[in-house]
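Participant: Model the full structure from these sequences, guided by the hints.
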Amino acid sequence: MDREMAMLREGLLAMIAREMPDAARVEIVAIERAASGNSSENWFVDVRWTRPGSVEEQRRLVLRRSPANEIVRNSRIDEFLLLAALNDTPLPVPKVHWIDGDGRWFGRPAVVLERCAGRDDRALLTARNKAGLDEPTRLGLARDMVELLAAIHSLELDRLELPASIERAEGVPSRIELDRQEREALADEVVACVEMRAAAWWLRDNLPPPPRRRVLVHGDFRPANLLVERGQVTALLDWEFAHVGDPAEDIGWYLAPRYRDEHFIPGHWQPEDFMDAYERKAGLELDRASVDWWAIFAQYKLCAMVLAARKAFVEGDAHRIPVPARKMLHGLLDAIDAQERKAA
Amino acid sequence: MNIGPGEAAEGIRKLLRATIGPELGSEQAVFTLRRIMTILRETNWDDAAFALMAENAALCTLAAQVGSVLDETELADGRTDALGRWRSLAARAEMPRSYAEAAEINARLRAAIADTIAELAATPSAAGARRKMIGCFLALHADA
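Protein chains in written order, with our numbering: chain A, 11 to 354; chain B, 428 to 571.
Hints in this document: simulated from the structure, not taken from any laboratory. C-beta atoms are modelled at their ideal positions from N, C-alpha and C, and glycine is treated no differently. There may be inaccurate statements among the hints.
Simulated coverage check for chain A against chain B, where a stretch passes if three residues somewhere in it have a Cβ under 8 Å from a Cβ of chain B [claimed, not checked]: (1) 31-45; (2) 194-205; (3) 210-224; (4) 341-352.
Facilitator: If you want it as structure tokens, here you go:
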């Protein structure tokens, strides 16, 4: 770890020297690996420098580096370009500073972002939340999240300069995303995962129609990816899944069986409340059948990530400790079974 | 008598919690230790081989069940090889000599099923087979 940190320190100093040639007395005050980020390594870095006129500045930064075994295949460059585009919108996203697209400074591709105030908490909406937020505050946050999602989906795509991979090809979003995910799932198989093959078969047979309007899909919209301070959202993070597509995809992801226990407040904030509030804020009518499909697709995608982590672990990446796949796969098949029963 | 795999895993988990955990200085190390302890707790150390054999038996049963559906399904000529391969593994699946052999049979069974799924996916009239297979997979996971 010491050697790793020394390499990152050296890389940061070299990057800052190039990006800010007028900065003098650059000093890395602190650097620590953050205990989050499954698809990236996140490092918290405090840096100090002096600008012309003896102005001393200190920055709290996050260095997001691609892991050795990349599970999410969107590139750091695309994430950087997307965030740069979103920095010109009112969305609460971290300001982007610099990018190491080819890993020349950090050994692997990386981006350097502003570190926003607040903390992430997967259990944010539950009574187990780390900050001890009471129910009315949590309910307020749940509503703020809907507002935020509606704001993302309301962005005018023509006005954003999006990287080509995020734009996606023309076509039916459900088919495009399934094709993409299935390719990745097959590439990550250690043995043939017949549960996933059967699920893909079902998903392909039940593709929802294209949406009326394509939007920017965050792709991992959930409480775990928010930073919150004093009951207020300060930032939405983890945009590596983002792409242009069907708004129902983000809704389905939020409703995925895997997350049901964490995303709602029993008796106060149920899936229908979430969808109704979204429809009011976004001015869009959700096709419930499409949402159901996307929720199952979300579970499929989560299973694919678990299997990818398993493969990386088996191949020697000790940082990829996989959660047991069996329960996840059962959740996927169970959701398909429930959908079939509903249809019958 | 040697300690069993489950007992060893539980002992290691206790050591990690009581001795290693308090010594860790970084959030990332604590986070990783928690995940390691979760894996130690959730892995079925004692019965892994039996569970794999049970899964293989269920996959063989599934072959028979899907076979009966396939009889009613119009498949193009020459598209039943995978099902034949799948069924032929049943005898070997009954009594493997090692965990590695059970795992190898499992991989072969799964490959044959995957090929069968691919054949059925290319057959529009096979919707019933699909439903049946998903039901069988569900039962497989519920029993495991």
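Participant: Of the hints stated earlier, which fail here?
Facilitator: No numbers; nothing is violated.
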